[in-house]
Amino acid sequence: NAGVMQNPRHLVRRRGQEARLRCSPMKGHSHVYWYRQLPEEGLKFMVYLQKENIIDESGMPKERFSAEFPKEGPSILRIQQVVRGDSAAYFCASSPPTDSNQPQHFGDGTRLSIL
Amino acid sequence: GENVGLHLPTLSVQEGDNSIINCAYSNSASDYFIWYKQESGKGPQFIIDIRSNMDKRQGQRVTVLLNKTVKHLSLQIAATQPGDSAVYFCAETSRYTGFQKLVFGTGTRLLVSP
Numbered sequence: 003n004a005g006v007m008q009n010p011r012h013l014v015r016r017r018g019q020e021a022r023l024r025c026s027p028m029k030g031h032s033h034v035y036w037y038r039q040l041p042e043e044g045l046k047f048m049v050y051l052q053k054e055n056i057i058d059e060s061g062m063p064k065e066r067f068s069a070e071f072p073k074e075g076p077s078i079l080r081i082q083q084v085v086r087g088d089s090a091a092y093f094c095a096s097s098p099p100t101d102s103n104q105p106q107h108f109g110d111g112t113r114l115s116i117l
Numbered sequence: 237g238e239n240v241g242l243h244l245p246t247l248s249v250q251e252g253d254n255s256i257i258n259c260a261y262s263n264s265a266s267d268y269f270i271w272y273k274q275e276s277g278k279g280p281q282f283i284i285d286i287r288s289n290m291d292k293r294q295g296q297r298v299t300v301l302l303n304k305t306v307k308h309l310s311l312q313i314a315a316t317q318p319g320d321s322a323v324y325f326c327a328e329t330s331r332y333t334g335f336q337k338l339v340f341g342t343g344t345r346l347l348v349s350p
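One line per chain: the protein sequences are A and B, in this order.
Positions in the first sequence are counted from 1; adding 2 to them yields this note's numbering.
Positions in the second sequence are counted from 1; adding 236 to them yields this note's numbering.
Same shape as in the complex, but just chain A (with noise of 0.2 Å):
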């Protein structure tokens, strides 16, 4: 499977425990991006990032949540001290290295639930 790999699929989590959601990008994809929805609801940008560099985090809320996307390895999204309000879908996308528009591919998300 050459799409967006994320892991896990499902993730339970107990308020005030943290939360590392994974995105392997589709292959010379160097572009990821990460979303979060809500039920019956559209996608909300979070951030983007390139290798080892945040492009955008303009979506981000400015505590709790951090994005890595290091040289080796998947990019890395992780929720610190998780609240019932983080229950969510989160999805990466990832694209190919240019400026020019190229649509993002989506992984199958993961579903985090706070309980």
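Some hints here could point you the wrong way.
Residues from chain A that face chain B, not an exhaustive set, calculated with beta carbons under 8 Å [said to hold, decoys possible]:
no., residue
1, L45
2, F47
3, Y50
4, D58
5, P105
6, F108
7, G111
8, S115
Below, a list of computed lysine-lysine pairs in the DSS-like style, where the Cα atoms sit at most 30 Å apart [claimed, not checked]:
no., chain 1, residue 1, chain 2, residue 2
9, B, K304, A, K73
10, B, K273, A, K46
11, A, K46, A, K29
12, B, K273, B, K307
13, B, K273, B, K304
14, A, K46, B, K292
15, B, K273, B, K292
16, A, K29, B, K278
17, B, K278, A, K46
18, B, K273, A, K53
Worth flagging that the hints you see were computed from the coordinates, not collected in a lab.
By construction, the Cβ of each residue, glycine as well, lies at the ideal position given by its N, Cα and C atoms.
Could you slot chain B onto chain A? The hints should help.
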């Protein structure tokens, strides 16, 4: 702008009918548009895209129309099949954000009856 809704608008059609899903966008600077299909429990799947220098683009069974004057986008699906049942989202972006930040519409649920 942001679109928040408690219930998705729903379009119900019979198998074999043509479907038209509409989307209004708010940012006049947007110049690249994408339609995505999202099935239950899955991520958005790319269907078709269109640049602002075009007003129509066709794919296999799908056509996207863009009216920049009224900031309106539509997706036409010919001979709709039960497998087309899903939620459809339009997304917009612009060269001013490097085409990197997608803004999604509210979405429309398409229900196809056999």
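Results of checking the hints against the structure:
no.: 1; hint: L45; verdict: holds, 5 Å
no.: 2; hint: F47; verdict: holds, 5 Å
no.: 3; hint: Y50; verdict: holds, 5 Å
no.: 4; hint: D58; verdict: holds, 6 Å
no.: 5; hint: P105; verdict: holds, 5 Å
no.: 6; hint: F108; verdict: holds, 4 Å
no.: 7; hint: G111; verdict: holds, 5 Å
no.: 8; hint: S115; verdict: violated, 14 Å
no.: 9; hint: B:K304 / A:K73; verdict: violated, 41 Å
no.: 10; hint: B:K273 / A:K46; verdict: holds, 16 Å
no.: 11; hint: A:K46 / A:K29; verdict: holds, 24 Å
no.: 12; hint: B:K273 / B:K307; verdict: holds, 21 Å
no.: 13; hint: B:K273 / B:K304; verdict: holds, 22 Å
no.: 14; hint: A:K46 / B:K292; verdict: holds, 27 Å
no.: 15; hint: B:K273 / B:K292; verdict: holds, 19 Å
no.: 16; hint: A:K29 / B:K278; verdict: holds, 20 Å
no.: 17; hint: B:K278 / A:K46; verdict: holds, 16 Å
no.: 18; hint: B:K273 / A:K53; verdict: holds, 28 Å
Hint check: violations occur at hints 8, 9; the rest are consistent with the structure.
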